[in-house]
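K.L.:
As you go down the protein sequences, you meet chains A and B in turn.
The numbering used here applies: residue 1 is where the first sequence begins, and numbers increase by one.
The numbering used here applies: residue 1 is where the second sequence begins, and numbers increase by one.
Calculated from the structure, these hints are not laboratory results.
Please note: incorrect hints may appear among the correct ones.
Far from chain A by the CB rule (all over 10 Å, computed), these chain B residues [said to hold, decoys possible]:
1) A21
2) V75
3) A93
4) Q96
Facing chain B, from chain A, some residues (calculated, C-beta under 10 Å) [to be verified]:
5) E23
6) M32
7) E33
8) M34
9) Q52
10) A53
11) E66
12) V68
13) A69
14) A73
15) E77
16) R78
17) R79
18) E82
19) W83
20) F155
Quick caveat, the model's predicted, so the values are computed rather than measured.
Quick reminder that beta carbons are idealized off the backbone N, C-alpha and C, glycines included.
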Amino acid sequence: MPELGRFARELRARLWKPAVEDEVASEMAYHMEMLEQDLVAQGVSPADARAQARARFGSVDRVAAECVAEGEARDTERRRFEWRAELSQDLRQGWRQLANAPRFAFVTISTLAVGLGAATIIYAIAHAVMLRPLPFPDADRLLLISERNPSGQEFAISESNFLDWQARTTSFSSAAIFEARRMAMRTERGPEGVRGAVATHTLFPTLGVGAALGRTFLPEEDRRGGDVRVAVISHGLWERQFSSDRGIVGRSIDLDGRSHRIVGVMPAGFDFPGRTDVWLPLVPIPEYPRGDHRNEGVARLKAGVTMSQARQELEGVAAQLATEYEDNRGWSAAVRPFREWYVSPQLNARMLVLLSTVALLLGMACVNVANLLLARAATREREMAVRAALGAGRWRMVRQLLTESLLLSAIGAAGGIALAAALVPIIRATGSEAIPRLAGLVIDWRVLAVAIPICVGTGVLFGLAPAARLLRGARAGDRVHDLLRSGTRVADAGRSRQALIVMSVAFATILLVGAGLVGTSFRRLMSVDPGFVPSRVVVANVTLPDSAYDEERAIVYVEEATRRLRALPGVRAAGATNLVPFSGGNTAMDFAAAERATAEKEGYRSGSWRVVTPGYFQTVGIPLLRGRAFSGEDRFREDTNDATDRVVIVNDLLADAAWPGRDPIGQRLALSNGATMTVIGVVGATRHLTLDSLPRPTMYFAHAQFPWKSMWFTVTTEGDPTQVGAAMRRELQAMDGTLPVTELQPMETLVRLQAAEPRLTAMVFGIFAVAALVLVAVGLYGIVAYSVSQRTREIGVSMALGAAPAQVVRQVMSSGLRLGALGVAIGGVLSLGVAGALRSILYDTQPTEVGTYAIVGFVLLAVTVAASAVPAWRAARLDPVQALRSS
Amino acid sequence: MAESSELLHGTLDTLVLKTLAWGPRHGYAIARWIASTTDDTLLIEEGSLYPALYRMERRGLIEAEWGLSDTKRKVKVYRLTDEGRARLSVETAQWQRFATAVAKVLLPNQEPTHA
């Protein structure tokens, strides 16, 4: 502390502070005057004196300019110095404040750390999944193109149609089709399954990415008769499999039993269509059946063409093709923004919901901290009054309060960011398999560039509350006096705190309603009967390459493999299918009851189809409702070579659609490819794609009649399914050592992965709900306890006058309950308004479900009761004598 | 005057500090005090004095406040700060060493003998 004299001087210097120019001018003018006076005193005439003085001084302007420059530098430095000194004083003061109130500091900082940590991690997820730009140049000019089937669903593209699209449209600068495909790569360690894709050579230029090493495909490499045995590999595979050998181009890679020449390595980070390690040319053939839809498409808009123009043109071309080709009848085309490849509209909705929710939680944290600061400010009123009396300016004190709250938010932010950083690896590990681009989750400068301003902003925001009160108090006049004398609190302090608590409870209500709805939805989703029993089932995929397996051999392989798998110890049943449920694929074909089938294919409906072995239904627990399952006798009969001998099993949905009210067994089913077959059995409907997708009409074909080369084997185990996996791999490998066994996993894993998004959402909501409850409890407890401490005298008086402890308890608790109930009511009404935003991510749950609201209200009121009970109990045990004596 | 200004060049700051060590003064008074104390041997050039004062104020060696002169005019009065006081003693010691050294060379009439 400087001595008082200096303090007073500084104060005066601040009060009267001329501009530097005036300062210099007046100083020099004075000097000249004095000089003149002295000269006159020595006997010089006034006129001469002036002239002499001028002459001695030299160039006044130059000297003055020099002085002004120095003086301005002086003032700037001084201001900066003072600012820094005040800041460090405020910081020291703030630090002391925290150190003196460790409980307050702990509660405040951990509240902030939770709020800011949650906000940071959710923002980081949103950034990784949704906001981060796609790794392709001008990605907003890219479109996903697809066909649209007669029932209006988007559908894969047939290559012959794609060739016509390419030839007849002008909206696109380039377009490509591709199909993800599993491949077997021969390595020294044996066959290894890799994810690959076949794509037209245009894929890379369309995406706008070239090879890092070598080149991508040449136009002639996706033409019939061209050199199509070439491959482009990913940076990851190059590192992993080829030890980053820079001389890799020109060497060969053995895929599905065929040798391919490596022509290029893609740059690190290039990954399309997804987790892809190898790209092979897709050679589109004009004569390819137009009804065979397998490929997905991407196109780049020509400059100046909009998405809707492109859509219009493509639909026009599709309409032409629909009239030109029988197989295209009723089909159209569809165009979507490319970004939906990564961020489905549903995921988008989910992220937006999570962002708003975390904003709510952060809001609650801020409100709570503002409340704590207000309570704290009330206890510091004396200190503030003393400082004001000693001449601290109002703004100076506001600045100090803001500095203190910024200090709090800085520590809270550091804690929050540390918390978020600690969570990153966990979230990445649990979600990145199922959620696209989550693997890129990091807390980097781009996340911090948003998170840190939010932290600072919140610091200012909740710091404003006590500061505003201080300003209001100062405006109200010389309350300083009163405060110094009695130390009473400012009357309206309690009211703003009560408003904040009500707000906090309202926020919590909204959050909990959201959590309740999402939780209910998730529970219902998880209890959905998918139509099969995934527990104790292990699946594995084997793809038979065309080079070594014709249809006949494929049938033999699959029959032999299922026979061997069934013989394994611990295996109860074994089967196989071309697509196991939830593995991410689908197939479709139109069907009709044969007696109503017409040449125009009107009245056909779209259904899914699967190829299965006789044991399949039993292994995955799909119930046989009528008729019989496939047997070993259901096979292609060489002698007649008659397609009409084929049999089909349908699910009950298809049976009801084709033959409503009649027995489907023995009926003839007509397919859009012209085949007809006899229905021999009816099985239960299953959900093929996701838990929340409705089952579709489905037909099952016998593998021995419709041989398929990429098969999923399914076995039911007696005990723990993980025990059988290794034996399963060994057995399949023993049959053909060149084939990789991929996707070996319990079927439950597929189900779990499929529900990753809703699970993550429910998990986050659950965590938020707990945090919100804790914040509400702490906040309510704080305000009730505070009001008890403020009313100690009053309570003491009423007790001395004979109030029973029960009465005191009731009184205190009712004050807490009033706030809680008001908050719940406001929050409930607000929830009704905003819960609709959840609709798109809820499964089988209405945003207005009364039960959820009732439970949330009950829980919050219970928390309110618990939080007010402690201070109420304490109040009831007050000793009236002590209470009256205090303060 | 020419010779005195050369002398002043490095030592003006020190002289100002010393002057203010006797008590706060305004600019004109500082110049006058130096002149009269040195019997007008050292005449302070105003063109150097004021920039020097502002420079020293900026460096925190002296500080200024606005006070009233004998003629009841508002004038800027300079005073020594603690820092300035410290600097003065350093400068004085240096000057003394310098002056003694120079005196050792210039004053004796005989060449000193070395043992």
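K.L.:
It remains to establish, for every hint, whether it holds in the given structure.
P.N.:
Okay, the hints, checked on the actual structure:
Taking the minimum C-beta to C-beta distance to chain A, about 18 Å, the non-interface status of B:A21 holds against the 10 Å cut. Taking the minimum C-beta to C-beta distance to chain A, about 6 Å, the non-interface status of B:V75 is violated against the 10 Å cut. Chain A leaves B:A93 outside its interface by the beta-carbon criterion, the shortest separation being 27 Å against a cut-off of 10 Å. No beta-carbon of chain A comes within 10 Å of the beta-carbon of B:Q96; the shortest separation is about 29 Å.
At a threshold of 10 Å, the smallest CB-CB gap from A:E23 to chain B is about 7 Å, leaving the interface hint in force. A least Cβ separation of about 9 Å between A:M32 and chain B falls short of the 10 Å threshold, and the interface hint therefore holds. Proximity of A:E33 to chain B holds as hinted, the smallest CB-CB distance being about 9 Å (cut-off 10 Å). For A:M34, the interface hint holds, the least distance from its beta-carbon to any beta-carbon of chain B being 4 Å, beneath 10 Å.
With 10 Å as the threshold, the beta carbon of A:Q52 stays out of range of chain B, its nearest partner Cβ sitting at about 12 Å, so the hint is violated. For the restraint placing A:A53 at the interface with chain B, the shortest Cβ-Cβ distance is roughly 9 Å, inside the 10 Å limit, so the hint holds. A least Cβ separation of about 4 Å between A:E66 and chain B falls short of the 10 Å threshold, and the interface hint therefore holds. For A:V68, the suggested interface contact is upheld, since its CB lies about 8 Å from the closest CB of chain B, less than 10 Å.
This hint holds: A:A69 has a C-beta 8 Å from the nearest C-beta of chain B, less than the 10 Å allowed. Proximity of A:A73 to chain B holds as hinted, the smallest CB-CB distance being about 6 Å (cut-off 10 Å). Taking 10 Å as the C-beta contact cut-off toward chain B, the hint placing A:E77 at the interface holds, the least distance being around 7 Å. With a least beta-carbon distance of about 8 Å to chain B, the hint placing A:R78 at the interface is held under the 10 Å criterion.
With a least beta-carbon distance of about 12 Å to chain B, the hint placing A:R79 at the interface is violated under the 10 Å criterion. Interface hint status for A:E82: violated, as the beta-carbon distance to the closest one in chain B is roughly 13 Å, over 10 Å. Checking A:W83 against chain B: minimum C-beta separation of about 16 Å lies over 10 Å; hint violated. Evaluation of the A:F155 hint against chain B yields a violated restraint, the C-beta minimum of about 79 Å exceeding 10 Å.
This entry does not satisfy hints 2, 9, 17, 18, 19, 20, going by the numbered hints stated previously.
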